[in-house]
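Chemist: Assemble the whole structure, with the sequences as input and the hints as a guide.
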Amino acid sequence: MKKNLTRKDFLRTGAKYAAGAAVGVGAVNLLTKNTVHANQILTVWPWPYQTLNVEAVRILGHDTYWTSGKGCAYGAFHAIAQKLREVLPDPWNQLPSEIMVYGAGGGVGWGGTCGAVNGPASLISLVLLKARSDVLVNDLFGWYTQTMFPTDISNQYAVNHTFTDNRCDIVLPQNASGSPLCHPSVTEWCKSAHYTASSTERKERCARLTGDVAAFAAQILNEELAGTFTPRYTPPATIAACNACHTVGTNNVVAAKMECTQCHGTNPHPNAVDKLEGAPETYQLHPNFPNPFNPSTNIQFSIPKGEAVTVAIYDVHGRLVKNLISNESYDQGTYKARWDGTSDGGQHVSSGIYFARLSAGTFNATQKMTLVK
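Residue numbers for the sequence shown follow this note's numbering, beginning at 1 and rising by one.
Some hints could be false.
Claimed, not checked - Pairs of lysine-lysine, DSBU-like flavour, derived with a Cα cap of 30 Å:
#	residue 1	residue 2
1	305	336
2	257	275
3	130	203
4	257	203
Claimed, not checked - Simulated restraints, written as ranges between beta carbons of each label pair:
#	residue 1	residue 2	range
5	256	87	36 to 42 Å
6	99	314	29 to 35 Å
7	254	372	38 to 44 Å
8	126	366	57 to 63 Å
9	126	256	20 to 26 Å
10	112	167	25 to 31 Å
11	323	194	34 to 40 Å
12	67	94	38 to 44 Å
13	112	46	40 to 46 Å
14	252	310	16 to 22 Å
15	135	43	21 to 27 Å
16	331	167	56 to 62 Å
Don't read these hints as lab results, they were simulated from the structure.
Here a beta-carbon is modelled for each residue, glycine too, at the ideal position from N, C-alpha and C.
Modeler: And the structure:
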């Protein structure tokens, strides 16, 4: 039997159909959008690069450090990326420079890898396959550690008001950081230049450095594109000297390329340990000689296999006087350490009874010594 449809029923039923239609249209739109996105061609790695004006990159890097408020990593990355956007809008317009904001101050102020290096290194890795990227990034890091910043070019640009932001237009002192890390880079410059880390001059130094590093990165990328790139960085001899011991056997505990003496000093092993002949089969802490002694004595020990070794000096009250060897890896052998009668703080200790204690793995032994002045 046919039922008459009232106005109230029509509105209620019509609303249901309208809602269903809306869902259907929305689903069609969603599918359409997904289809459009699926049909978009994404640029595969590595991204394209084109020769850039190095000095234009330097100026933009400096100015962006100040005007963006986003720091050195952003400034250095943006200086190159923005110039690439001008000549290669596709794909470079797809990537915001803000991806590098985190790198300011060595990683949001943590003093790690300098952002001015971090930013361009990221871009180099985006436009080159790994084999070539590693070569250029290695050269960038090494060049950074040995270059006097700010460069003469940036200092002259500041004096001549070549930059857009000229809040500090004096020639700033220069120094080489010796490290790719933000912390020593800033600290060593501040000590050398006699400015505080919070000063405008220090910030301007980092702004000029940001431009300098971005410019160098653009320069070596230009050379790579032209097939003329040749690495400039030569590692200091001190690195090879340290790695000769610290990258072999049980002493293989170092995995880095940084120059060692900046952090560890020019005499990192003041209590030199000599390895003697022989291959001992047992653990032993030999009597020190001479004994009694003044001013120094030799402490000899043997280990039958590779171990983490500690040799420490204690007074009669059991207080630590000096660590001669502190949890360092040693291969099987007999070794001789020298104690010069000083504490860890460098003070000469008084006459009296002292104890040398050897710890090697689970083996422990103690020898009594007498210092007579």
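Chemist: Quick one: which hint numbers does this structure break? Sort them smallest to largest.
Modeler: 3, 6, 12, 13
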